[in-house]
Amino acid sequence: MDVSYRQVKAFVEVAKSSTFAEAAVNLHLTQPALSSAIKKMEEQLGGKLFQRNTRNVSLTPEGEVLFPNALRLLHDWDNTFSDMQNLFAMAKGQLTVCAMPSFAESHLPNILSMFHQRTPNVNLRIVDVVMEQVIHEVTTGRSEIGFSFEPERKDGLVFNSLFTDEFVVVGNKTLLPNLGKALNWRDCLQFPLVMMNRGSAVRHWTQSKLQQYGELNIIAETGQLSTLGKLIQNGLGISIMPAICKDQMEGLGLVAQSIADEPLVKSIGIIKNARKGLSLPAQSIWDLAIAHYAQTA
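With UniProt numbering, letter number 216 in the sequence shown gets 216, and the count goes up by one each step, no holes.
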């Protein structure tokens with residue numbers, strides 16, 4: 001069956017009018033053209049939709065059944081294409097952005113604020129999860145873009161570096177203040193260590209580096225850097241973590257010190273799925289983030 005949008009609209013207008021002539025004027029059609037459209041629709045459906053006489057037109061029982069459904073179809077049609085126009089114009093819509101908690105807390109608010117000023121009607125959903133989950137969310141398409149350390153394997157991903165992060169040693173003021181402004185990797189082995197869980201990239205990077213200088217005394221592990229900070233605050237040990245966490249750690253009253261010999265430096269950037277295009281809102285944030293960090297470099 002090939003009933004068109006114009007035929008449905010013509011049917012609704014005639015049903016709302018007292019005569020074909022009145023409906024034709026409202027539709028900016030000639031009366032013969034309108035009559036032809038209704039006749040063709042009736043032939044396609046297999047029966048009469050209107051009862052006609054010389055003075056007025058009214059719906060048949062079958063037409064009465066069709067009328068509310070036709071109204072709904074027109075409403076859904078208009079809303080669907082209006083939503084698409086708004087989406088292309090970025091006037092409305094929803095966008096999921098995935099980021100490591102450290103980035104979500106420190107850098108992401110500024111990026112999203114700039115984006116919101118440009119496109120205030122796009123609803124933002126922020127997923128703050130560990131690096132490995134950011135990569136999973138983007139790879140599976142659950143999030144269009146993500147902010148993460150550079151993945152060691154980029155299968156199916158596009159990564160654009162925004163800035164580099166130099167890891168720091170974090171401890172409470174009881175443990176670290178007497179060691180000066182910078183530490184060596186070997187110095188870190190003098191203390192008990194609290195670290196991210198096995199399997200995380202941050203754990204792999206920091207443990208691999210420390211193992212070059214001796215044996216590690218790891219006394220606690222956790223899956224979140226915020227929890228790591230609480231463990232350090234309570235004197236369980238020190239940790240090596242990204243400098244992007246420095247403000248958060250200092251907010252807990254902790255000390256963050258640089259590493260003097262062979263600093264551990266990793267790139268933080270924005271990722272997307274290489275096999276999928278970005279929506280206009282996602283592309284806007286992608287371009288905005290790259291331009292912003294290019295200016296601050």
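Heads up, some of the hints might be wrong.
[As the list claims (entries may be wrong)] Okay, the calculated beta carbon distance ranges per label pair: (1) Gly141 to Thr227: 28 to 38 angstroms; (2) Gly47 to His136: 50 to 60 angstroms; (3) Glu215 to Lys276: 23 to 33 angstroms.
The set of hints was computed from the structure by calculation and includes no laboratory data. For every residue, glycine included, the Cβ atom is placed at its ideal position computed from N, Cα and C.
Results of checking the hints against the structure:
no.: 1; hint: Gly141 to Thr227: 28 to 38 angstroms; result: holds (29 angstroms)
no.: 2; hint: Gly47 to His136: 50 to 60 angstroms; result: holds (55 angstroms)
no.: 3; hint: Glu215 to Lys276: 23 to 33 angstroms; result: violated (45 angstroms)
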